[in-house]
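K.L.:
Dock chain P against chain R, hints included.
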Amino acid sequence: MTQVSIPFSTKNGPHLEALRARHVADTYDEYREEGPVSTVDHTPSESAPDAQKWADVQASDDFVELKRRLLKFVFPVSGLFLAWYLLYVLLADYAHGFMSTKVLGNINVGLIFGLLQFVSTFVITTLYVRHANKNLDPLAEKLRNEIEGDGK
Amino acid sequence: MNESSPILNISIFGVFVIATLIVVIRASRNTKTAADYLAAGRAFTGPQNGIAIAGDYLSAASFLGIAGAIALNGYDGFLYSIGFLVAWLIALLLVAELLRNTGKYTMGDVLSFRMRQRPVRAAAATSTMAVSFFYLLAQMAGAGGLVALLLGITGTGGQALVIAVVGALMIAYVLIGGMKGTTWVQIIKAVLLIAGAGIMTVWVLGKYGFNLSSLLGAAVDAAPKAGEKLLGPGLQYGKTGTSKLDFLSLALALVLGTAGLPHILMRFYTVPTAKEARRSVVWAIWLIGIFYLFTLVLGYGAGALVGPDKINAAPGKANSAAPLLALELGGPILLGLIAAVAFATILAVVAGLTITASASFAHDIYANIIKKGQAEDKDSEVKVARITAIVIGLVSIGGGIIANGQNIAFLVALAFAVAASANLPTILYSLFWKRFNTSGALWSIYGGLFVTITLIILSPAVSGTPTSMFKNADFDLFPLSNPGIVSIPVAFLLGYIGTILSKDKADPAKQAEMEVRSLTGAGAEKAIAH
Numbered sequence: 001m002t003q004v005s006i007p008f009s010t011k012n013g014p015h016l017e018a019l020r021a022r023h024v025a026d027t028y029d030e031y032r033e034e035g036p037v038s039t040v041d042h043t044p045s046e047s048a049p050d051a052q053k054w055a056d057v058q059a060s061d062d063f064v065e066l067k068r069r070l071l072k073f074v075f076p077v078s079g080l081f082l083a084w085y086l087l088y089v090l091l092a093d094y095a096h097g098f099m100s101t102k103v104l105g106n107i108n109v110g111l112i113f114g115l116l117q118f119v120s121t122f123v124i125t126t127l128y129v130r131h132a133n134k135n136l137d138p139l140a141e142k143l144r145n146e147i148e149g150d151g152k
Numbered sequence: 153m154n155e156s157s158p159i160l161n162i163s164i165f166g167v168f169v170i171a172t173l174i175v176v177i178r179a180s181r182n183t184k185t186a187a188d189y190l191a192a193g194r195a196f197t198g199p200q201n202g203i204a205i206a207g208d209y210l211s212a213a214s215f216l217g218i219a220g221a222i223a224l225n226g227y228d229g230f231l232y233s234i235g236f237l238v239a240w241l242i243a244l245l246l247v248a249e250l251l252r253n254t255g256k257y258t259m260g261d262v263l264s265f266r267m268r269q270r271p272v273r274a275a276a277a278t279s280t281m282a283v284s285f286f287y288l289l290a291q292m293a294g295a296g297g298l299v300a301l302l303l304g305i306t307g308t309g310g311q312a313l314v315i316a317v318v319g320a321l322m323i324a325y326v327l328i329g330g331m332k333g334t335t336w337v338q339i340i341k342a343v344l345l346i347a348g349a350g351i352m353t354v355w356v357l358g359k360y361g362f363n364l365s366s367l368l369g370a371a372v373d374a375a376p377k378a379g380e381k382l383l384g385p386g387l388q389y390g391k392t393g394t395s396k397l398d399f400l401s402l403a404l405a406l407v408l409g410t411a412g413l414p415h416i417l418m419r420f421y422t423v424p425t426a427k428e429a430r431r432s433v434v435w436a437i438w439l440i441g442i443f444y445l446f447t448l449v450l451g452y453g454a455g456a457l458v459g460p461d462k463i464n465a466a467p468g469k470a471n472s473a474a475p476l477l478a479l480e481l482g483g484p485i486l487l488g489l490i491a492a493v494a495f496a497t498i499l500a501v502v503a504g505l506t507i508t509a510s511a512s513f514a515h516d517i518y519a520n521i522i523k524k525g526q527a528e529d530k531d532s533e534v535k536v537a538r539i540t541a542i543v544i545g546l547v548s549i550g551g552g553i554i555a556n557g558q559n560i561a562f563l564v565a566l567a568f569a570v571a572a573s574a575n576l577p578t579i580l581y582s583l584f585w586k587r588f589n590t591s592g593a594l595w596s597i598y599g600g601l602f603v604t605i606t607l608i609i610l611s612p613a614v615s616g617t618p619t620s621m622f623k624n625a626d627f628d629l630f631p632l633s634n635p636g637i638v639s640i641p642v643a644f645l646l647g648y649i650g651t652i653l654s655k656d657k658a659d660p661a662k663q664a665e666m667e668v669r670s671l672t673g674a675g676a677e678k679a680i681a682h
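Quick mapping for you: the protein sequence lines, in order, are chains R and P.
Sequential numbering of the first sequence, starting at 1, is according to my numbering.
Sequential numbering of the second sequence, starting at 153, is according to my numbering.
Isolated chain R (complex conformation):
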């Protein structure tokens, strides 16, 4: 089984204590009672320095760039495949004659378009994985290490 070990470093900034305590608590239940018990209205890791830390990261150049790279890919591509799917559905729904036009033996336009939906799904999946591995993961990892490691 794969495991991700919890990074323990001795150089903890004070604002990271809460975050670290949370990881430990999730792994070893009993520690939770000693740690800060979360309030009703918010998920854990709620303390002033922490909140500042998240806001700082959110405003950092690296994070802005990561967000831009993600959204620049996923929003247009989502729009594109939804439009292509909708076009296909509308054709199948309202253009029976066109979709039933035979192209090769008994294989008609509708079947080819349908199979092309499969192809486009597989292609987009592959492209996204490539984009994420190359352009998103390294930056996300860098930021994650900054936040979880000894910070800036």
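Please note: incorrect hints may appear among the correct ones.
Unchecked claim - Covered stretches of chain P, as calculated for chain R (at least 3 residues, CB under 8 angstroms):
no., segment
1, 219-233
2, 383-397
3, 400-410
4, 435-449
5, 486-499
6, 632-640
7, 663-671
As the list claims (entries may be wrong) - Among the chain R residues that face chain P by a calculated CB cut under 7 angstroms, a handful are:
no., residue
8, Q58
9, D93
10, S100
11, N106
12, I107
13, I112
14, G114
15, Q117
16, A140
17, L143
18, R144
Derived from the structure by calculation, the hints contain no laboratory data.
All values reported here derive from a predicted model rather than from experimental measurement.
No residue lacks a Cβ here, since even glycine has one placed at the ideal position from N, Cα and C.
P.N.:
Below, chain P alone, put in the same frame as chain R:
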């Protein structure tokens, strides 16, 4: 011609049950904490989870329902599978990784992250249970029809007994194995299902010289009533303007529903990182896509080799197309194997749904609302999850007996409509819209849920036509059986209006935390070492 042999079918199924129970018991030995029980210790790999997702997703409706729909309605059945597949891109691009990074066990974790916890969790749990319940009903109803065909049990009492046995087995899986055991059942079942469908596909194609065109021609020849229309769209949905609109509505719910199905979302918590969540979706997309290509061949194959008249005359009607094709190809043994796989499918999906609904109750309602977060990750959370699983199991046995004979694909389509209307808008808004607030979340969840269910109750699927649930009543004020075309935009709109009308401000600190965590994976729940 070969005959179905109930004893053989039961024996093969029995072997599956015993084998999976052994796996479940072995897998459960390390199950101690809530993260073990509800998220399998987050220790599955991407490929393992991807196979399990395929197992969760390729329900009886996909296998029996789509193959049957293609056999009888030709191209229109194929349209279902395309919507089901393309939908995964939304999960891949917009939801899976961000959700894995911000949540813990349930959809409610993500939706309530930066909102007021108690009201939003209550809403998320409500819609989780609603979707899971519709989906459960579909599976249990399918079990009845399948049993009629495979075991030769045609009496309602006998079918009810078998539904009860399925329910009892499912409760056992969930109680003993938790998420880990359930995941292994899904993996075993997915491998069997995809392999079985693959073998049959090659077999069918082999009979036609691996020429798809000849297969299609044979299907047309075997269906004198439908004829050439079998190959083009419109046979089922193209009759009137209303039915065309109904199809458009269905297509929307299919493509937008998947990424809002709680039992699929919950699977992303069983892997250690967002990257593994991405890998699982990629595996799932390939497996599901290939499987749907198989069903295309199987559907037309059943039409060509078994013929629509024989399928319509069989006890399970359209749902029996795939099993009858197996009988035609490989005799009673292949039928027994395919029947066992189909049964295993129902069992595994039902177990996955049950653990999702019970996790939502235990984690969102019990630990975070009733116990105000104090019971989170305690033993009592697991205990409540187990008790809830028993209750849900019993309710779904009852519901399955009542819903026996309803159309499986239709019930699943309803689950997708609720997921697309109540869940997806709220998930997307909370991940991507900074201003989204508690009031917007409540409006989109409850509003989406209310509009969808109201439209379903007022639809011809429930009353007013000979095929309705209540044939003699007549309150079908809404003309479409599928509410998605209205309910999905309305839910998005309600989320927007609820947000801007409220004095409630979004919490910028929590928004910053959520956004940074969702994109970077900082502070995400880690895998558990044993």
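K.L.:
State for each hint whether it applies.
P.N.:
To see whether the hints hold, each was checked on the structure:
no. : hint    : result
1   : 219-233 : holds (count 3)
2   : 383-397 : holds (count 7)
3   : 400-410 : holds (count 3)
4   : 435-449 : holds (count 5)
5   : 486-499 : violated (count 0)
6   : 632-640 : violated (count 0)
7   : 663-671 : holds (count 6)
8   : Q58     : 4 angstroms, holds
9   : D93     : 5 angstroms, holds
10  : S100    : 3 angstroms, holds
11  : N106    : 4 angstroms, holds
12  : I107    : 5 angstroms, holds
13  : I112    : 11 angstroms, violated
14  : G114    : 6 angstroms, holds
15  : Q117    : 5 angstroms, holds
16  : A140    : 5 angstroms, holds
17  : L143    : 4 angstroms, holds
18  : R144    : 5 angstroms, holds
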